[in-house]
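Undergrad: Sequence:
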Amino acid sequence: MKTIFLVDDSATILLSISNILTKAGYATEKAANAEEALRKLRTGIKIDLLITDLNMPGMNGIELIKEVRKLPAYKFVPILFLTTESQQSRKLEAKAAGASGWIVKPATADELLNTIKLVVR
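With the UniProt record's numbering, the residue at position 100 of the sequence shown is 100, and numbering never jumps.
In short, the hints are calculated from the structure, not lab data. Among the hints, erroneous ones may be present.
[Unchecked claim] Lysine to any residue pairs mimicking SDA-like chemistry, simulated, CA-CA at most 20 Å apart:
| no. | residue 1 | residue 2 |
| --- | --- | --- |
| 1 | K91 | E67 |
| 2 | K46 | V120 |
| 3 | K2 | G101 |
Construct all of the structure, not just a fragment, from the sequences and the given hints.
TA: Quick look at the structure:
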């Protein structure tokens, strides 16, 4: 079973995405902010994909991506970012930080799962 790590400061988003993924046969790990996510990753948890919100208090999603890419165990793990922004400049900034792709919120369950299937082998 593939494990997807979700990072979002919205408990509602975490719960809804986690439910979609669980029903689709994925295991999930969750963190409410980037700092919590990094603490969990530094313990060496095994993940197949990280999905992070872009706009969070404290460290934002782009900063999180940069930090995750510095960790040897997660250097090549696919990372998708969730955003309400469709600005090309933000997408390019996230891509430069190491994101594999993005999902614009609100996304349907099918959009979410189809995007995940493209990046998780």
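Undergrad: Given the proposed pairing of K2 with G101, does the C-alpha separation stay at or below 20 Å?
TA: holds (18 Å)
Undergrad: Hinted pair, alpha-carbon criterion (20 Å max): K91, E67. Please report holds or violated.
TA: holds (17 Å)
Undergrad: Holds or violated: are the alpha carbons of K46 and V120 at most 20 Å from each other?
TA: holds (14 Å)
The structure fails none of the hints (numbered hints given earlier).
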